[in-house]
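Peer 1: These are the residues of each chain, in order.
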Amino acid sequence: MLMSDEAKTIARGLQKRDPDLLDRLIEQYQYRLFRYLLYITGNKERAEDFFQETWIRVLERGHQYDGKSKFEAWLFAIARHLVIDWQRSKKPQSLDTLTDPEQEHPLQLANENDPSPLHQVLSQENEESVQASLQRIPAIYREVLVLRFHEELQIDEMAGVLSVPLSTVKSRLYRGLEALRGALQGGAA
Amino acid sequence: MNLETHARAQQLIAQERVEGISQADRDWLGAHLQDCAPCADLARQTDQALRFMRTAAIPLPSGLASRTQFRVRLRAQELREREPKRRALWLACALSWAFGIASAPYVWRLFAWFGERAGVPKLVWEVGFGLWWTIPALFVVAVLLMEKVRQGDEPAWMRQDN
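For the record, the sequence lines run as chains R and F. Heads up: the first sequence begins at -12 in the working numbering, then just goes up one per residue. Heads up: the second sequence begins at 30 in the working numbering, then just goes up one per residue.
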């Protein structure tokens, strides 16, 4: 089935709040959505909460998905905005924020001596260098890296998810790539 | 090789992975990487970093999907139960409006008759009639506004009608 056909089928099902379709979508996208949420929140429990809230929101607002874009892009946009809304209601200094560090806050690098929740999750199964690298990268860059290199979204699709111009997406990707490389080198050193 | 050449190579290494580069740039970069060990190292480190990131497995919490499916079904049930109330509200609005329009001539005459009997100035009973007739409309407007406010809580990105 073509991507657009699949998207249209999903859009029709969401219009009708088809429970079987939702069950299937939850199964199908569980890993990708959880991974994305874990990358942007850096916390397993929080990622789980947002995972559930995202699907509730998909149920409630499903009629707004028109099937013209990839479903996952819309899904990630919902998840992202739930996280941002939650972040806004909290004290910014306590968060690994998704705000643009160049525009709003200085870079917020995690304390390398404290194992972050993301580190704890990843450490269960992965190499030390990867854990150390990812936890050092600010959430805003982890986010674009996961969207581009895990989800393989196009840059324009990412711009839709992030609600930012293409140039901002590219700039974050370049900085994210640099941060990833730098963090990996730092981890290896 | 000068610094500009290395800077261009480093920029192309990142660009190739982020947004792609032209064939001419790829050829140039390939030739440069064959002769320049530091830039070749950088390209290798970049690929390695991405490979590590891609292969970082994340264990999925057990039962997450089934717990979510359960919650979603419960919420769907709540929404289904709420739906008849919304329909009833809209039906009431529509009926109210239709009745207002249909009965307007009779009510006008009634207001005129009552105004005459009570000795009320014409302007007063005309305003009274106007208010009586616009109440259903105002009620509908109020409902629409409430609906709009509710939808206004959603961010614009979620509405795909732009």
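Mixed in with the good hints there might be a few duds.
[Said to hold, decoys possible] A short, non-exhaustive set of chain F residues, derived as facing chain R with CB atoms under 8 Å:
1) T34
2) R37
3) S91
4) G92
5) A94
6) R96
7) R102
8) A105
9) K114
10) R116
11) L120
12) A121
13) S125
14) Y135
[Unchecked claim] Below are the DSBU-like pairs computed for lysine-lysine, each with C-alpha atoms no more than 35 Å apart in a straight line:
15) R:K157 with R:K31
16) R:K31 with R:K57
17) R:K157 with R:K55
18) R:K31 with R:K3
19) R:K55 with R:K31
20) R:K77 with R:K157
21) R:K157 with R:K57
22) R:K57 with R:K3
23) F:K151 with R:K57
24) F:K151 with R:K55
25) R:K3 with F:K151
26) R:K(-5) with F:K151
[As the list claims (entries may be wrong)] If you only want the chain R side, here are some residues facing chain F, beta carbon under 8 Å, derived:
27) F58
28) L69
29) I142
If you are wondering where the hints come from, they were derived from the structure by calculation, not from laboratory data. Owing to the predicted nature of the structure, the values given are computational and were not obtained by experimental measurement. For every residue, glycine included, the Cβ atom is placed at its ideal position computed from N, Cα and C.
Peer 1: Please go over all the hints and tell whether each is borne out by the structure.
Peer 2: Hint by hint, here is what the structure shows:
About 19 Å separates the beta-carbon of F:T34 from the nearest beta-carbon of chain R, more than 8 Å, and the hint is not met. Residue-level restraint check for F:R37 is violated (minimum Cβ-Cβ distance to chain R is 14 Å; threshold 8 Å). This hint is violated: F:S91 has a C-beta 11 Å from the nearest C-beta of chain R, more than the 8 Å allowed. Interface hint at F:G92: violated, since its Cβ lies 10 Å from the closest Cβ of chain R, which is beyond the 8 Å cut-off.
This hint holds: F:A94 has a C-beta 5 Å from the nearest C-beta of chain R, less than the 8 Å allowed. Against a cut-off of 8 Å between C-beta atoms, the interface hint on F:R96 holds, since the closest Cβ of chain R lies about 7 Å away. With a cut of 8 Å, the hint placing F:R102 at the interface with chain R holds, because the nearest CB-to-CB distance is about 6 Å. Because the beta carbon of F:A105 sits about 6 Å from the nearest beta carbon in chain R, less than 8 Å, this interface hint is met.
Interface hint status for F:K114: violated, as the beta-carbon distance to the closest one in chain R is roughly 16 Å, over 8 Å. For F:R116, the interface hint is violated, the least distance from its beta-carbon to any beta-carbon of chain R being 15 Å, above 8 Å. Evaluation of the F:L120 hint against chain R yields a violated restraint, the C-beta minimum of about 21 Å exceeding 8 Å. At a threshold of 8 Å, the smallest CB-CB gap from F:A121 to chain R is about 23 Å, leaving the interface hint violated.
With a cut of 8 Å, the hint placing F:S125 at the interface with chain R is violated, because the nearest CB-to-CB distance is about 27 Å. Taken as an interface hint, F:Y135 does not check out: its beta carbon lies about 41 Å from the nearest beta carbon of chain R, beyond 8 Å. Simply put, R:K157 and R:K31 have alpha-carbon atoms about 28 Å apart, close enough for the 35 Å limit, and the pair holds. The straight-line distance between the Cα atoms of R:K31 and R:K57 is roughly 26 Å, inside the 35 Å bound, and the hint therefore holds.
Taking the CA atoms of R:K157 and R:K55, the gap is near 23 Å; set against the 35 Å cutoff, the hint holds. For the hint pairing R:K31 with R:K3, the CA-to-CA distance comes to about 32 Å; that is within 35 Å, so the pair holds. Between R:K55 and R:K31 the alpha-carbon distance is near 32 Å, which keeps this suggested pair within the 35 Å criterion. Distance check on the hinted pair: R:K77 and R:K157 sit about 28 Å apart at the alpha-carbon level, within 35 Å; holds.
A distance of roughly 20 Å separates the Cα atoms of R:K157 and R:K57; the hinted pair therefore holds under the 35 Å criterion. Taken as a hint, the R:K57 and R:K3 pair is honoured in the structure, with Cα atoms around 19 Å apart against an allowance of 35 Å. The suggested pairing of F:K151 with R:K57 is violated, with an alpha-carbon distance near 63 Å, which exceeds 35 Å. Annotation: proposed proximity of F:K151 to R:K55 is violated, straight-line Cα distance about 59 Å (limit 35 Å).
Annotation: proposed proximity of R:K3 to F:K151 is violated, straight-line Cα distance about 54 Å (limit 35 Å). As the CA atoms of R:K(-5) and F:K151 are separated by approximately 60 Å, the hinted pair breaks the 35 Å bound. The restraint placing R:F58 at the interface with chain F is violated, with a minimum CB-CB distance near 12 Å, outside the 8 Å limit. A hinted interface residue such as R:L69 counts as satisfied when its beta carbon comes closer than 8 Å to some beta carbon of chain F; here the least separation is about 10 Å, so the hint is violated.
At its closest, the beta carbon of R:I142 sits 6 Å from a beta carbon of chain F; the interface hint therefore holds under the 8 Å criterion.
Hint compliance for this structure: hints 1, 2, 3, 4, 9, 10, 11, 12, 13, 14, 23, 24, 25, 26, 27 and 28 are broken, all remaining hints hold.
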